[in-house]
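These protein sequence lines are chains R and L, in that order. Residue numbers for the first sequence follow full-length UniProt numbering, so the first one is 1 and each next one is one higher. Residue numbers for the second sequence follow full-length UniProt numbering, so the first one is 1 and each next one is one higher.
No wet-lab data here; the hints were simulated from the structure. Do not rely on the hints blindly, as some may be mistaken.
Identical chains share a label here; the pair holds if one copy fits it or two copies do between them.
[What the hints assert, rightly or not] Derived lysine-lysine pairs resembling DSSO-like cross-links, with alpha carbons at most 30 Å apart: (1) 685 with 449; (2) 142 with 96; (3) 502 with 63; (4) 81 with 685; (5) 606 with 334; (6) 202 with 700; (7) 545 with 81; (8) 259 with 719; (9) 545 with 80.
Residue strings, one per chain:
Number of protein chains: 2
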Amino acid sequence: MTHIFLNAKNVRLGTFCLVLLLSMTFISCNKKEIKETGETVTTDVQEGPVLSLYPKDATEIKKLKDSNDVLKISFDEHQKKADKAITNGIEVPVPKDPGGGYTHEKHKQNYGEMYAAGIAYQITNDKKYATFVTDMLLEYAKMYPTLPLHPFSKENHPAGKLFWQGLNESVWLVNSIQAYNLVSSAISEENKKIIETDVFRKVVEFVSVDSKETFNRIHNHGTWAVAGVGMTGYVLEDQDMVDRALYGSNKDKKTGFLKQINELFSPDGYYSEGPYYQRYAMMPFMLFAQAIENNQPDLKIFEYRNQLLGKAVTTVLQLTDENGAFLPFNDALKEKNYLTGELIFASNIAYAYYKDEALLPVILKHGKVSISSAGLKVAQALDNFELTAYVKKPMLILDGKDGKAGGLALMRMSNGKQDEQLTSIFKFASQGMGHGHFDRLSIFMYDGKQEILQDYGAARFLNVESKQGGRYLPENKTWAKQTIAHNTVTVDQKSQFGGNVKKSSAVNPKLIFSNLEDPNLQIVSAVEENGYEGVKMQRTITMIKDEKLERPPFLIDVYTINSENVHQYDLNFMYQGQVMETNFDYKKETTLSPLGKENGYQHLWKQAEGRSEKNLATLTWLNKNSFYSISSLIDADSRMIFSRLGANDPDFNLRNEPSYMIREKGKKNHIFVNVIEPHGNFDPKLESVQNPHSSVSEIKVLLSNKEYTAISIILDAKKTYTLVIANNSSESNKQHSVTIDEQEYEWTGNYNLKIN
Amino acid sequence: MTHIFLNAKNVRLGTFCLVLLLSMTFISCNKKEIKETGETVTTDVQEGPVLSLYPKDATEIKKLKDSNDVLKISFDEHQKKADKAITNGIEVPVPKDPGGGYTHEKHKQNYGEMYAAGIAYQITNDKKYATFVTDMLLEYAKMYPTLPLHPFSKENHPAGKLFWQGLNESVWLVNSIQAYNLVSSAISEENKKIIETDVFRKVVEFVSVDSKETFNRIHNHGTWAVAGVGMTGYVLEDQDMVDRALYGSNKDKKTGFLKQINELFSPDGYYSEGPYYQRYAMMPFMLFAQAIENNQPDLKIFEYRNQLLGKAVTTVLQLTDENGAFLPFNDALKEKNYLTGELIFASNIAYAYYKDEALLPVILKHGKVSISSAGLKVAQALDNFELTAYVKKPMLILDGKDGKAGGLALMRMSNGKQDEQLTSIFKFASQGMGHGHFDRLSIFMYDGKQEILQDYGAARFLNVESKQGGRYLPENKTWAKQTIAHNTVTVDQKSQFGGNVKKSSAVNPKLIFSNLEDPNLQIVSAVEENGYEGVKMQRTITMIKDEKLERPPFLIDVYTINSENVHQYDLNFMYQGQVMETNFDYKKETTLSPLGKENGYQHLWKQAEGRSEKNLATLTWLNKNSFYSISSLIDADSRMIFSRLGANDPDFNLRNEPSYMIREKGKKNHIFVNVIEPHGNFDPKLESVQNPHSSVSEIKVLLSNKEYTAISIILDAKKTYTLVIANNSSESNKQHSVTIDEQEYEWTGNYNLKIN
């Protein structure tokens, strides 16, 4: 059976359907049922399986593309690529090079060119494109069955045949099977047999049988594998292949695509490795889901787990800063943003199915769509859509397949400037597998587009050959993953869980309570009890906007530590900007030495150390045109340490960025209370400076016991904020009553904030 | 005589004129001649002197402002300010505070509010605005005659009465006399007499007689003084005042405004302190010139010195980077760009007179115009103007009143990206008075909007109180002005001229030859013979674009040093970005110490030192998405030193930025040859990296004697560029012939570039 209506065998039926279709688009002569849910899939004149682009939609794209800019740009890009490929000719070299090498890049290029030619064929019906794909696949057919494992494959890492690693083999399959699907109506039965037998079945065998372990892994590598195999199953009409992809090798649902959806995502659509890898994983998830929807609509894949795939796309887009860059926690490169190709596919499919208009601003920024039935829907929607800002909301995103493995809080409030927010991220999520960092209870913060307190991200220069071939650098492990690289507390100069991923993956932080609904007060409290033996940590982050004051929102950060043993607690802040002032004296070092010997400390040059007789330490810095202050509750034993990254970095792999630490030595229990405050501005045009000083004049702990923590801060020497936190309380309607300094506080819920 | 046609005394004539004017705008009933040159000044119904806004134009602005956005925005800003001022009431406090203090800021605010109210009166004719100005000036009249010198005035710095320094007094006068001019038609004769006698004549006496030395100084402080006094002279119809402003206290033309124009600018319109201060000085220059043009058109002030004032406005705008920020040499703050208020006035007046449409893109970016006859012309022109990029051209800008005190070369070529250029600045200018740096023969470079090789600018946080009250910081002298802070050669770890401004101001570098006309080859050669005793330095910078190669332009930098004594030569590069690779080994320091003890070296932490047995040292770094390399001719004795700014900086005043130095020790004569090359790109979206390596494989000196320097470089291991420089040759049609390696070179002109 073939699947394109212009295929010789079915040309009469096809033509008939086409005519019918053009005059009465609501009548379908398809044998399949008309679907009701969503509108992604316009079932129509159709003779064979379709992965992403229905003939009717191809016709419509052809018709619209000259009047619809986004379609034209998107299609032209494919056609140009295909034309260039045809001019350059086909080369299918024997695999011999590692990542970045010639044959590696050539096989990547090949699947990209086949996919582009497939698209070009569907839209233009020009045979040369189909011939190009056919000829290239026939070349693969000659070579593939004879291939051994790739010469550069590594022990302990799943191997490929075309590529050094199996992951690339799966990606090759995902792309090539789509190309084949797009042109197969133009291929002779004889050639189809050769291609299906000697290429696709062989690759599927390698990916799903020889590499069974990866195929059954609950991991993005597994997702690429099952997506490739499942999509091939639909095209080859091999339900066994499809079922293994969906339900795992043994079809027992213990592994496979559905299990991956169950295990890798939280109910909120959070992918356990974090947004940087979620971006990458969303492509096979959404492409395979689209193929399932087109071929087994009864599975209702887009409805699965409460529309989880839709949530996942929204969540990954929300997990970006105001530049669109993915929030850089875990192993993440800060350069990567939501304009990446994977999210064009994913967001198009999500829009086509869920019709969530909130996605359109991002899609409009992409400036192009996928050439597919989904992409057509998007292009039509964009026609009537005026650009608005993509709305980033305050969000509590729970982690873990059941939502019980901690999570992330995105606190967001207008910072008083147009279309800008103050964003603070509080992370109390699970380890996130091998790409996770030891960063529990860390925070980081943006003011508009500016990074103010940073998460360092990964130490890696992607694909830059001179930087260890573009792989993760040694400093990713020795610095970026360590606890000290994050805005959280490091105990005894060691990383959480001793830097052991296995131990860390076994247990998770816990959300205590949260409220992100109040436009002027967002609060989240979480605990981590396992990072350091015998040390219980609770951090409560409160973002407050006082509408009566002409002041941006600010953060109150209460970090309570309880232990029966004596420890050193280092609360570090990777602030971004230039020091303006402190309210304490410090001594700058005249020669620089590393702050410690290991666990990331060896990478910090110690610049200065301060102390104070006051019990308030304030650091103010300038970033672009705004001032920021951290005001900290301290005592005479506290030390304020300034350091700068870059020590023990033989190859200049690290960015030489600053940090500021409050160090408490010889403490059992301790409460860090900090106010983090954007303030004022520096206008070089008007040569004016407003509010360059912190407005915090006092910070006090009023009460601290197992049940309650109460603190007060004074702003502008007159306004008192008293915050009482009901530790451990997860009931939002519980009645509380407590007397502090002879004053009675009564309230319902997890916390009470009083402003006098 | 009064000057506004609605003044009671002349109301009949005025009304008649108005009617006539509205029906036939080309007929003028003015007694003055109609001017022919330029169109700035629309002489018209006019009873008295006008500084900037003719009644007819005020009427036109009133009419247009509701349909012309830029006029509306610009006017509304003034009116709002005036309304707020009226609501808040008048306060003229006895001066007692220094810069930034209450009374200082209040008197600044007062002249701003009077000016705004003057504008509001002219456009609305609402008496309340005129009353506000009158009442405030009457308050000043009560106080000013009794004022002693300001209590915070400093020895050795010209004092004020309202302000701690005289400069602010002049600025007060420039603004207040304009305000008075705008409303005086509404003031009773009696009050006018009080105001003129007790305020303006008194301030003028203080500025021009008591502070005679500043008044006669050839310096921007002098310009503010003569502008204030001269403009007051016109309004008070006191020609003696005007003449003293124009020709100096003795009216002998040895000082005064015309002499300032003669001495402070080069024939190319370059202001000797550099663009950062030129921006500031252009305001009084242009405001006073406009008043002269309106009141003494016969002086043809805008034609003076070959239209120098027009050139000066163009030059200061050209002396900006692609962000519009002023090129940060000499004491300059990098935050300051051409959107600054001073340049709104200056560029509006320049456009109104010279009608140079090239100015419009900048003016459009301002988003507002001055409310004046000039501003009206601009607003009308903008109505029919579509935004285009402001074109930045390659320019040779000579320094010195006669153009013989060295200069600056702005080399600019497209970098291959849309609307972007590679810009290299070669500085061989005079000292630039007290704000100059010891930076002769330095270069710096931008790629598009990115700073690649920086000039550090000034060490100052303007108006940030905690940074020494916003004044220049100690590190401005100990670091920013020193030779080592610049991309040039420091001899024996000392700054040029031993850091002595007086010595440096006495002699200037010399331009040897230049050609900035060739779109693919821009070349400039200059010498400095006095910076270090007995050391002659010549630097020749060549920017080359090889159109046959798909490669951005690159620089060849030939720096020849001749001396009879042995020295240490440090050629430093303040590169911006992250080190990617070197082709030599280096040893990183495990503890950091300063690179030296004084002359700026004490501020550099030494990070690493390298050496090589090859005679080519290459450093490659990444800045945003592009790679950059410096390839240097070296020998086994050369040292490559990496350092980072920040040592001996007790108050965190310095930005901790990197530098890379080629050090040659124990040399008499030496030639540094460097190729500075942008290359490749890093695309995080596509995860692709192109050309991450330098393409320079060989650098050779072929010949070096008094007459000629010849070097060759090889790119891509095959393409040879041979550059022969005729040292000392300033004749562009001279015939040269030289044999190098048995090959004959014959050419006409200063240089010869051969590409094989």
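A quick look at each hint next to the structure:
no.	hint	verdict
1	685 with 449	both (20 Å within a copy, 19 Å between copies)
2	142 with 96	within (17 Å within a copy, 92 Å between copies)
3	502 with 63	neither (55 Å within a copy, 76 Å between copies)
4	81 with 685	between (47 Å within a copy, 18 Å between copies)
5	606 with 334	both (26 Å within a copy, 29 Å between copies)
6	202 with 700	neither (69 Å within a copy, 57 Å between copies)
7	545 with 81	between (51 Å within a copy, 28 Å between copies)
8	259 with 719	neither (54 Å within a copy, 58 Å between copies)
9	545 with 80	between (52 Å within a copy, 28 Å between copies)
In summary, the structure is inconsistent with hints 3, 6 and 8 from the numbered list given earlier, while agreeing with the others.
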